[in-house]
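Peer 1: If you read the protein sequences in the order shown, they are chains A and Y. Residues 17 to 410, numbered by the numbering used here, are exactly what the first sequence covers, in order. Residues 17 to 410, numbered by the numbering used here, are exactly what the second sequence covers, in order.
Accuracy of the hints is not assured; some may be wrong.
One copy or two, it doesn't matter: identical chains are merged, so the pair holds either way.
[Stated by the list, open to error] Okay, derived cross-link-like pairs now, SDA-like style, lysine to any residue, Cα gap no bigger than 25 angstroms in a straight line:
| # | residue 1 | residue 2 |
| --- | --- | --- |
| 1 | K403 | L328 |
| 2 | K311 | S112 |
| 3 | K66 | E78 |
| 4 | K365 | D138 |
| 5 | K311 | A70 |
| 6 | K82 | S320 |
| 7 | K316 | E224 |
| 8 | K323 | Y86 |
| 9 | K283 | V26 |
| 10 | K365 | P354 |
| 11 | K24 | R294 |
| 12 | K363 | E339 |
| 13 | K40 | Y221 |
| 14 | K23 | H223 |
| 15 | K24 | K283 |
| 16 | K365 | Y86 |
| 17 | K342 | N251 |
| 18 | K24 | N89 |
| 19 | K311 | D79 |
| 20 | K283 | D20 |
I should point out that these hints are in silico values taken from the structure, not numbers from a laboratory.
2 protein chains.
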Amino acid sequence: MISDKMKKLVENNSVIREMFEEGKNLRKIYGDENVFDFSLGNPSVETPEKVNEAIKEILEKEDSLKVHGYMSNSGFEDVRTTIATSINKRFETDFSENNIIMTVGAASALNIIFKSILNPDDEVIVFAPYFMEYNNYVAGYDGRVVAISPNTENFEPNLEEFENKITNKTKAVLVNTPNNPTGVIYKEDTIKKMVEIMNRKQEEYSHEIFLISDEPYRELVYDDIEVPYLTKYYNNTFIVYSYSKTLSLPGERIGYVVVPDEMEDSKNIITAITISNRIIGCVNAPSLIQRTVMKCINEKVDISIYKKNRDLLYSKLTELGFECIKPEGAFYLFVKTPVDDKEFCSKAKEFNLLFVPGSSFGCSGYVRIAYCVKTDMIEKSFEAFRKLAEYYKK
Amino acid sequence: MISDKMKKLVENNSVIREMFEEGKNLRKIYGDENVFDFSLGNPSVETPEKVNEAIKEILEKEDSLKVHGYMSNSGFEDVRTTIATSINKRFETDFSENNIIMTVGAASALNIIFKSILNPDDEVIVFAPYFMEYNNYVAGYDGRVVAISPNTENFEPNLEEFENKITNKTKAVLVNTPNNPTGVIYKEDTIKKMVEIMNRKQEEYSHEIFLISDEPYRELVYDDIEVPYLTKYYNNTFIVYSYSKTLSLPGERIGYVVVPDEMEDSKNIITAITISNRIIGCVNAPSLIQRTVMKCINEKVDISIYKKNRDLLYSKLTELGFECIKPEGAFYLFVKTPVDDKEFCSKAKEFNLLFVPGSSFGCSGYVRIAYCVKTDMIEKSFEAFRKLAEYYKK
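Construct the entire structure; sequences and hints are all you get.
Peer 2: Here is the structure:
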């Protein structure tokens, strides 16, 4: 009696559960400290002290009915003003509270955008490798994901194929930079070429093609590299932001959408997104945490820990002969596998190493190794990586 | 470029905004203290002190990565165990953590149930008057709401019409008791008759008809009356619970779904609901607040304040000649209007009284008067109610 749409998802779920159970089993047999789990994108650096202090301060000083109460479905006005002002200062934009809709994390932000813009069979273009949960979000509103093949040279978008795959049905293009799973940041030059194509295609088809920039990793950037703010390059851009990684608050479900005034029909779109936020059941972003991020607008987690992890693991893996682009952001390495990626993950498990196969991101022949883990686990895992490398050298 | 489904909602939104703006205008002209706003279902009693203390204690004593981190999409296991145990103790049920899925409030709980069970054109039966946002939840998954006419005698379900309107397309029946907007609690006897019909119809059509019990007002009951726990009467029952009113935490978005083992195909349904929680973008219920409700499992707001409000307002309104059933729960009076309910609301506004017309709940000829307001506002409003009554006596 499950809905037809959900049946396949429920069937597939047993595969995921199996993976999870296997990991649990390994831990039981070998002990937690001898299993090297690089499979999860769960922040390993604690939230800044200021965050917990801010929560306590809010509870002590602010009106309890307000702190825990309903507000506009788009969020507290002062929170949205603070965020708009901060974005304006950092990126020389010109947003007001009206351009910001607070959301239950980035996942619901993407859902309410898709609910607001997609008609059945509309297409959303993504660039492989990509977070395949996007497929479920888009399918929820009867849209269709069109994936562009990976450009394994540098994991920037393959723009030639992109241009060819835009059709009259293309409603949106979704980018995620810094990228999960590659850690790559799209260069400004790439963005310029991409939006040049989109502008041309908008004209050709006489309707808007939205750009959606999913940016949970915006603040996790290691080498003084700038991540372009996409509303400055293309009018019809949604920004989707989350504090999950910035402040290590993934369980709290807090993020926002930016809808610029320059977007075509922006007023109605803001209304549609706000209503969607309500009727998909979120109603509003959690109130206490909204007020908390306002008080922590300039905070971020200590990313030097992630940087250290990246450097350690990248050096060791390349030293062992693995091929991998040095990622500039996020907390993942995307490593080429000498054999089929699923086979490689199975073999790695024999050395108590857990990864996610690239095929789970629409890019086989690679694995995602998440380095949002304790640094000493990375150091302890080196011997296992050495054995794995050796196995494939035979 | 808004999706077709959203267009109508965006158009209607201007009507709601107009109402809101009118209220704001009244406040500007007459001052906050001279506008008597009975239109909102926003708790007016503060969260128990224990709640804010619990939050501080969690921040001080528990591991920050856990408190703010991801957990299973169904919620923290210890939170779910605590809730299951508490329900078992209160209602002599036999749930475990596996039967509980923590949600982003009741609204998202209803959404993930509908996503899990509805195929296009499936019907969900509701009893007017009802919270019309249900229409949007059901439409989100291409289902159709079938409303049973109000039984204005006592606002219990009209079971004759109910039986006649169950078809082969009926997938679920949604009840809300204590009820918004009437405050009525369905009697045990009514429930028994209702499920007797449903059992018969399940057999007739050879498929399950789910009962969904939306219970945000369960703890807001005034006269020592018992609210039946519906899983005990019918196997295919979902319970939808929210802490919005129980603990005055509506902005925090915290609630849960109960799926009993006795439900047909319960394992797959639990999986479907858990996946739906993830893919509609909620991912999980907010983590810190999950841990907070666990620590406050036996707390509830001081309902004597609501009771006092109810008694005050009910006495005055009946004294003035208005007709209204004395509600046993929730925080609303549903009052018969001497003229068309929208016209009555417009006239009331001239006396600075704000209500919601019954037609917004599928039951014209009535207004909803929400008494979740400060008691002194109620006392101050009596003169305006007197003038309104007098106007219609002429």
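Peer 1: Hint by hint, say whether it matches the structure.
Peer 2: Each hint, compared with the structure:
For the identical chains of this complex, K403 and L328 are intra-copy neighbours only, at 17 angstroms inside a copy versus 78 angstroms across copies, given an alpha-carbon limit of 25 angstroms. In this assembly of identical chains, the alpha carbons of K311 and S112 lie at most 25 angstroms apart only when taken from the same copy (18 angstroms versus 39 angstroms across copies). Both within a single protomer and between protomers do K66 and E78 lie at most 25 angstroms apart by alpha-carbon distance, with minima of 17 angstroms and 16 angstroms respectively. Proximity of K365 and D138 under a CA criterion of 25 angstroms is satisfied in neither setting, with 40 angstroms inside one chain copy and 45 angstroms between copies.
In the homo-oligomer, the alpha carbons of K311 and A70 lie at most 25 angstroms apart both inside one protomer (6 angstroms) and across protomers (21 angstroms), since each shortest distance falls under that limit. Only between protomers do K82 and S320 lie at most 25 angstroms apart by alpha-carbon distance; the minimum there is 21 angstroms, versus 37 angstroms within a single protomer. Taking the closest pair of Cα atoms, K316 and E224 never come within 25 angstroms of each other, the shortest separation being 35 angstroms inside a single copy and 50 angstroms across copies. Proximity of K323 to Y86 under the C-alpha cut-off of 25 angstroms is restricted to the inter-copy arrangement: shortest distance 22 angstroms between copies versus 39 angstroms within a copy.
With identical chains, the CA atoms of K283 and V26 are at most 25 angstroms apart between copies only, with a shortest distance of 10 angstroms across copies and 38 angstroms within one. Proximity of K365 and P354 under a CA criterion of 25 angstroms is satisfied intra-copy only: 15 angstroms inside one chain copy versus 74 angstroms between copies. Taking the closest pair of Cα atoms, K24 and R294 come within 25 angstroms of each other only across two copies (15 angstroms); inside a single copy the shortest separation is 27 angstroms, beyond that limit. With identical chains, the CA atoms of K363 and E339 are at most 25 angstroms apart within one copy only, with a shortest distance of 18 angstroms there and 75 angstroms across copies.
Proximity of K40 to Y221 under the C-alpha cut-off of 25 angstroms is found in neither arrangement, the shortest distances being 51 angstroms within a copy and 43 angstroms between copies. When the C-alpha separation of K23 and H223 is checked against a cutoff of 25 angstroms, the pair qualifies only between copies, where the shortest distance is 17 angstroms, while the shortest distance within a copy is 35 angstroms. For a Cα distance limit of 25 angstroms, the shortest separation of K24 from K283 across copies, 15 angstroms, qualifies, whereas the shortest one inside one copy, 37 angstroms, does not. In this assembly of identical chains, K365 and Y86 lie within 25 angstroms of each other by CA distance solely across copies; the values are 24 angstroms between and 47 angstroms within a copy.
In the homo-oligomer, the alpha carbons of K342 and N251 never lie at most 25 angstroms apart, since the shortest distance is 32 angstroms inside one protomer and 56 angstroms across protomers. Taking the shortest alpha-carbon separations for K24 and N89, only the inter-copy value of 18 angstroms comes in at or below 25 angstroms, while the best intra-copy value is 33 angstroms. Taking the closest pair of Cα atoms, K311 and D79 come within 25 angstroms of each other both inside a single copy (16 angstroms) and across two copies (22 angstroms). When the C-alpha separation of K283 and D20 is checked against a cutoff of 25 angstroms, the pair qualifies only between copies, where the shortest distance is 16 angstroms, while the shortest distance within a copy is 35 angstroms.
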